[in-house]
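Protein chains in written order, with our numbering: chain W, 82 to 194; chain F, 28 to 142.
It is worth saying that the hints were derived from the structure and are not from the lab.
Be a bit skeptical, because a hint or two may be false.
Calculated pairs, DSS-like style, for lysine-lysine (alpha carbon to alpha carbon, straight line, at most 30 Å) [what the hints assert, rightly or not]:
(1) F/K79 <-> W/K139
(2) W/K150 <-> W/K123
(3) F/K79 <-> F/K65
(4) F/K71 <-> W/K140
(5) W/K159 <-> W/K139
(6) W/K159 <-> W/K140
(7) W/K150 <-> F/K71
(8) W/K140 <-> W/K150
(9) F/K44 <-> F/K71
(10) W/K123 <-> W/K140
(11) W/K159 <-> W/K138
(12) W/K123 <-> W/K139
(13) F/K71 <-> W/K139
(14) W/K138 <-> W/K150
(15) F/K44 <-> F/K79
(16) W/K138 <-> W/K123
(17) W/K139 <-> F/K44
(18) W/K138 <-> F/K79
(19) W/K123 <-> F/K44
(20) W/K150 <-> W/K139
(21) W/K138 <-> F/K44
(22) F/K65 <-> F/K44
Residues per chain are reported as follows:
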Amino acid sequence: ILNVEQSPQSLHVQEGDSTNFTCSFPSSNFYALHWYRWETAKSPEALFVMTLNGDEKKKGRISATLNTKEGYSYLYIKGSQPEDSATYLCALPLSGSARQLTFGSGTQLTVLP
Amino acid sequence: DAMVIQNPRYQVTQFGKPVTLSCSQTLNHNVMYWYQQKSSQAPKLLFHYYDKDFNNEADTPDNFQSRRPNTSFCFLDIRSPGLGDAAMYLCATSTPGTGAVGEQFFGPGTRLTVL
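Next comes chain W alone, as it looks inside the complex:
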């Protein structure tokens, strides 16, 4: 069993604020980490797949970093907008060849106009 923890569970920020949240995982037997964004009434969509310690990925105002030695990934949103409101999920595979992902319970972000 893979224990994937996300914090905080929910977060409210004002439009224009920058924010970040955390995904924690066991540092042993790391293969990859996925970030997904899930907007209400829509399909979860992939943001990033991260594989190497020190990885940093960026898509617009959203970026993510990875520390496999200490077992965490941060997701950053710069200048939050109401359309960033969503649940952000991280997930890890059980093995290098595993198709199955173990998800965290997500961080629910609300950006207030």
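Since chain W is already given, all that's left is putting chain F on it; use the hints.
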């Protein structure tokens, strides 16, 4: 646009009355997954298909069954829904060979209510 479609989006059933949730995909992906997400919890994998090869997670209750008649369609059957089965059910697909880094493509989910 290629996509993963789930029908219905909302399903209400009665305690003990069998229900079937449907998923279809136009991505032509070999792998299809069913997840269950209860309120504020992590999505939990129930089972997945690699082509017609069915892979059940060890802790998936026997009450949950699945069928995949062809590449495009996959069904989740709940034989005797209990109140604890009320949840969001997500279908997803992926391509084989991508292993741990393979992106999964999700449908919008079906929210099941059990009365």
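Evaluated hints:
1. The suggested pairing of F/K79 with W/K139 is violated, with an alpha-carbon distance near 37 Å, which exceeds 30 Å.
2. Proximity of W/K150 to W/K123 is assessed by CA-CA distance (about 34 Å); at most 30 Å being required, the pair is judged violated.
3. With a C-alpha separation of about 27 Å, the suggested pairing of F/K79 with F/K65 holds against the 30 Å cut-off.
4. Restraint check for F/K71 and W/K140: satisfied, since their Cα atoms lie roughly 27 Å apart, inside the 30 Å limit.
5. About 11 Å separates the Cα atoms of W/K159 and W/K139, which keeps this hinted pair within 30 Å; it holds.
6. A hinted pair counts as satisfied when its Cα atoms are at most 30 Å apart, and W/K159 with W/K140 qualifies at roughly 11 Å.
7. As the CA atoms of W/K150 and F/K71 are separated by approximately 26 Å, the hinted pair is consistent with the 30 Å bound.
8. With a C-alpha separation of about 24 Å, the suggested pairing of W/K140 with W/K150 holds against the 30 Å cut-off.
9. The suggested pairing of F/K44 with F/K71 holds, with an alpha-carbon distance near 23 Å, which does not exceed 30 Å.
10. Taking the CA atoms of W/K123 and W/K140, the gap is near 19 Å; set against the 30 Å cutoff, the hint holds.
11. For the proposed pair W/K159 and W/K138, the alpha carbon gap of about 14 Å is at most 30 Å, so the pair holds.
12. A distance of roughly 22 Å separates the Cα atoms of W/K123 and W/K139; the hinted pair therefore holds under the 30 Å criterion.
13. Distance restraint check for F/K71 and W/K139: the Cα-Cα separation of roughly 27 Å lies within the 30 Å cut-off, and the hinted pair is therefore satisfied.
14. Restraint check for W/K138 and W/K150: the C-alpha separation of about 18 Å stays at or below 30 Å, so the hint holds.
15. Pair hint F/K44 plus F/K79 holds up; C-alpha atoms about 27 Å apart against a cutoff of 30 Å.
16. Proposed proximity of W/K138 and W/K123 is supported: the alpha carbons are some 23 Å apart, at most 30 Å.
17. Restraint check: the Cα-Cα separation between W/K139 and F/K44 comes to about 47 Å, which exceeds 30 Å; the hinted pair is violated.
18. As the CA atoms of W/K138 and F/K79 are separated by approximately 35 Å, the hinted pair breaks the 30 Å bound.
19. This hinted pair checks out: W/K123 and F/K44 have alpha carbons roughly 28 Å apart, not beyond 30 Å.
20. Straight-line distance between C-alpha atoms of W/K150 and W/K139 comes to about 21 Å, which keeps the hinted pair within the 30 Å bound.
21. Restraint check for W/K138 and F/K44: not satisfied, since their Cα atoms lie roughly 47 Å apart, outside the 30 Å limit.
22. Under the criterion of a C-alpha separation no larger than 30 Å, the hint pairing F/K65 with F/K44 is consistent with the structure, at around 20 Å.
Violation of the numbered hints given earlier is confined to hints 1, 2, 17, 18 and 21; the remaining hints are satisfied by the structure.
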